[in-house]
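Undergrad: Using the hints provided, position chain B relative to the given structure of chain A.
Line order of the protein sequences matches chains A and B.
Throughout, this note's numbering is defined as the position within the first sequence, counted from one, plus 93.
Throughout, this note's numbering is defined as the position within the second sequence, counted from one, plus 59.
Read the hints as simulated data drawn from the structure, not as lab findings.
Careful, some of the hints might be misleading.
To be verified - Stretches of chain B that chain A covers, calculated by requiring three or more beta carbons in the stretch to come under 8 Å of a beta carbon on chain A: (1) 95–109; (2) 190–204.
To be verified - Quick list of in silico lysine-lysine cross-link-like pairs, PhoX-like style, CA-CA up to 25 Å: (3) A/K195 - A/K342; (4) B/K220 - B/K208; (5) B/K200 - A/K445; (6) A/K195 - A/K523; (7) B/K200 - A/K230; (8) A/K195 - A/K230; (9) B/K376 - B/K215; (10) A/K230 - B/K287; (11) A/K445 - B/K287; (12) B/K387 - B/K351; (13) A/K445 - B/K351; (14) B/K376 - B/K387.
Note that the coordinates shown come from a computational prediction; the quantities given were computed from them, not determined experimentally.
Where is the CB? At the ideal position from N, CA and C, for every residue including glycine.
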Amino acid sequence: MDLFANLAHGFAVALSPINLLMCLIGALVGTLVGVLPGIGTIATVAMLLPITFGLPPVGALIMLAGIYYGAQYGGSTTSILVNIPGEATSVVTALDGFQMAKQGRAGPALAIAAIGSFFAGCVATVLIAILGAPLTKLALAFGPAEYFSLMVLGLIFAVVLAKGSVLKAIAMIVLGLLLSMVGSDIETGVSRMAFNIPELADGLGFATVAMGVFGFAEIIRNLDAGAGMDRDLVQKKITGLMPTRKDMKDSTPAILRGTVLGSILGILPGGGAVIASFAAYTLEKKLAKDPSRFGRGAIEGVAAPESANNAAAQTSFIPLLTLGIPPNAVMALMVGAMTIHGIVPGPQVMQKQPDLVWGMIASMWIGNLMLIIINLPLVGIWVRLLRVPYRLMFPSIVIFCAIGIYSVNNAPVDVVLAGAFGLVGYWLIKHDFEPAPLLLGMVLGPLMEENLRRALLISRGDWSVFLTRPVSAILLAIAMGLLVLAVLPTLRRKRDEVFVESEG
Amino acid sequence: MSWCGRALSVGWLPVIAGLLAGVGVATTPAKAQNYPTRSITMIVPFAAGGPTDVIARIVTGHMAQTLGQSIIIENVVGAGGTTATARAARATNDGYTLITGHMGTHAAAVPLYPNLAYHPERDFEPVALLAGTPILILARKDFAPKDTKEFVDYVKANTEKVNAAHAGVGSVSHVSCQLLNSILDVKPVGVPFNGTGPAMNALVGGQVDYMCDQIVNAVPQINAGTIKAYAIATPERNPALPNVPTTTEAGLPKFQAQAWNAIFAPKGTPAPIIAKLNAAAAKALDDEGVRKRLLELGSVIPGAADRTPEALAALVKAEVAKWTAVLKPAS
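Only chain A is shown next, with the shape it has when bound in the complex:
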C-alpha cells in the first residue's frame, strides 16, 4: 500500500509543470549528448551543474537524471550510423548496429535500440520503486575481492566478443589493459608511463582512445580508396525504417534478458552499466543457434546491450537513493547539486526527502516515455543523414569528435592523442584486429587492478580471499565455465569435421 501511496506522491511531484519541463529538457539534452560523439555525460552534467543552482532541487535533479539516462538512448545512434560509440556503454552496439546500417537496416537498428531501452527503462524504474531498499544490500556486499572477480568475468566476455581470431582478441584486451595503466598509481600516487607529460598524469581518457580507434580510424578507412564504393552502397540500400515482425520476434527475448542482466549489474557501483552491455551481448551470442551471425548485423546484438545499458543506467540510482552514496561520477555530481541546495543525501534520504526520491523515480518513467516519443520519429532523420555525401559528413564528424574530446578535460593534448590513436586504429583495422576488446580492456583495467590491490591489501597478500568469499568464488567459477565454452566450439568443430568425413 505504501508503495502505491509513495508512487502516487512521486507522480504528483513529477507531473507538476515545472518538473515536466525539467524532465523534457533533461531528455532532450541527454539525447543530444548521446548523439554527439565525444561529448560525454560527465562533462555535460558538470557544465550544467552551476545552472541548476538557481532551480528548485527536485527539478534540478530530475533534469540531471534525464541527461544521464537520455544519453543512453542517444549513445546508440552514432554507434549504429557511423561506428563511433558515444559512450563506453554503446561500444558493443557498434559491432552489429553498424553492420546493420551497412546492410541498409539502420532504421530497424535505431528503432530496436529505442524500443529496447524504453522497455528496460520501464522495468528498471518499477524495480527501483519496489526493490530499491533490499537491493542495496547487493551493492554493499560487493567488496574489492568480488569486484576483481567480476572484472575477470568481464575480460572473458571480451574474448567472446571477437568474431575473428581469438588470439588477436586477447592481444587487443592486453593492449587495452596496458593503456589503462598509464597515469597515477592508485596506492603510491607515482606517475606511470606518463613520460612527464602532465596531461597524462591522470591517465588516458576513454573518449580519447574510443574516438581515435573507432571514429578517426573508421573515417580514414572510409576515405581509403575502394571503401568509397562501400559508402555508396549503404546509401542506396536503405530499406524499411521500422523493425519487421521477424525483427521484433528475434529481439523480444534479447530485450528481456538484457533488461534482467542490466538491472542486476547496474546496482553495482563503478562500471556496472559497461559490463552489463558487454555481458548482455555475450549472453545473446552464446545462446544463439547461429553465433556466426553476430558481428554481421544480428538485431539481437543491438537489442540486448541497449536494453542492458538503459536498465543499468536506471538501477544505478539505487545506491544514491537508498544509501546516499554516489555510485559513479555523474551521480557524484548530482550529490554536489543536492549539497548546494542544502540536502546531503544519506541512508535516510527516502524518509527525509520523499518528494525528491519518489519524484525522481516517477520522473524516470515519464522521462523514458518522452525519450521514446523523441527518438522514434528521429530515426527517419538519422537514416536520412546517411544520404549526406561523405565528403560533407566526415569533416563534421571530425569536428564534433574534436570538440567532444577537448571538452572532457579542456586539454588540447587529448585531441592530438585521439589523432594518434586514429592512425593506430587504422593499422589495426587493416590487420583485422578488432577495437572493441581493446576498449573493454581499457575500461575494465583500472577497476581490475585497483580492486585486486585493495583486496590483497586488506587480506595482507593472501590470494585465497578470491575463493573463500562466496560471491567472488561463484563469479570466478562462471568465468572458468565461459572460458571452457569459448574453447569448446573449436573442439566441437573438429569433431563435426570428423563426422562429416566419415559420412562422406
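TA: The following block gives chain B in isolation, referenced to the frame of chain A:
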C-alpha cells in the same frame, strides 16, 4: 574508468569567460580604485559539487553582490588540484583571476608533489580564509572499539590487522589519516579508493575498518547508524553532530585537522584590491543566510581575528610546515 572527480571539468564556461574577460582587458586597464569593473574568474581546483566548490559558491555568491560584479566559478581538476593552482599562480595579477585553494593545494601538496609548479607561500597573495570542514575519525558500525581511547589502544595493538580507507593519494582523507598515524605512531595498511564516495561505500559495507573524512558526507551516515564516529578533530564540538566529542575531550588532543578553504590571488596583486576582496569576503561570512548554509554543511566559520590576509599567510606557513613534517617521512 576513473569516476570520482578525476577527469571532469566545466567545458564551455572557461571559453565564454575567457571571451568576456578578453573584451574587458582591451577596454579598461585594471585600476585598483575602480576595481572591479568586470567579472572576476574564481578558479576552483576541484569538481563542481565537492566540499570546496560548495563553500566557494556560497561565499562568492554573496561577494559578487558586495563587489557589484559577477564572479564566475571555473572548475579545473587534475593532479589533486595542483594543475589548477599552478595555472592560477601564473595568471595576470590584476585581481580578476582568483583561486579558492584548500589544505591540500596550499599546504599538503608541498611535500606530496616534489615537482610542484608553484609554492603556496611565494606565488600567492593570501586574501581571506573562508570556512573549514572538520575532520572526523569514522569507523564501520561493528568495529570493536567503543570510544576514542579504545580505538587508540586497539589500533596500536592490532596495527597488522586493521585497514584504513582513504579517498586516494593526496586527498584530505589520506593526509589527515597520515597525521593520525604519525600521532599514534602506527603504520596501518591504507586502502586507496577513487574518491570519498567509494571509500564511504566500503566503510558502510564493512569492507574496511576506519577512515578519517570530512564532516559533510559523514553526518547523514552517522545519524542513520550505518557508520560510527569516534571524535571530531576541532577544538569545539560541531552543531551538526552535538554528541560526537572533540579529540581533546576524547584524550587525543594532538589530532587537530580541518580542511580549510581560502581565497588566494596571484603574487603581486595590488594591496587595495586584496583589501577590497577581503572586506567583501568578511561581509559574506557575517551574512545570516551565508552563515546558515555553511553551518548546515557542518563547516566552521573563522572568527574576526582569523580573517585577515596576515592571519591566512600565517596559517599557510604553519600548515605547510605541519604537513611537510607528517608527509615527508611517509613518502
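Undergrad: Indicate, hint by hint, whether the structure satisfies it.
TA: Status of each hint after checking the structure:
Restraint check on the region 95–109 of chain B versus chain A: 4 residues with Cβ-Cβ distances below 8 Å, three needed, restraint holds. Counting residues of the region 190–204 of chain B whose CB lies closer than 8 Å to any CB of chain A gives 0, so the stated coverage by that chain is violated, three being the minimum. Restraint check for A/K195 and A/K342: the C-alpha separation of about 22 Å stays at or below 25 Å, so the hint holds. Between B/K220 and B/K208 the CA atoms are separated by roughly 18 Å; this keeps the pair inside 25 Å, and the hint holds.
Taking the CA atoms of B/K200 and A/K445, the gap is about 22 Å. The hint holds against a cut of 25 Å. For the given pair, A/K195 sits about 18 Å from A/K523 by alpha-carbon distance, which is consistent with the 25 Å threshold. A distance of roughly 15 Å separates the Cα atoms of B/K200 and A/K230; the hinted pair therefore holds under the 25 Å criterion. Under the criterion of a C-alpha separation no larger than 25 Å, the hint pairing A/K195 with A/K230 is inconsistent with the structure, at around 44 Å.
Simply put, B/K376 and B/K215 have alpha-carbon atoms about 31 Å apart, too far for the 25 Å limit, and the pair is violated. With a C-alpha separation of about 19 Å, the suggested pair A/K230 and B/K287 falls inside the 25 Å cut-off, and the hint holds. Between A/K445 and B/K287, the direct Cα distance comes to roughly 20 Å. Compliance with the 25 Å bound is thereby established for this hinted pair. Our distance criterion of 25 Å between C-alpha atoms is broken by B/K387 and B/K351, whose separation comes to about 38 Å.
Under the criterion of a C-alpha separation no larger than 25 Å, the hint pairing A/K445 with B/K351 is consistent with the structure, at around 19 Å. A hinted pair counts as satisfied when its Cα atoms are at most 25 Å apart, and B/K376 with B/K387 qualifies at roughly 16 Å.
The structure fails to meet hints 2, 8, 9 and 12 from the earlier list, while all remaining hints are met.
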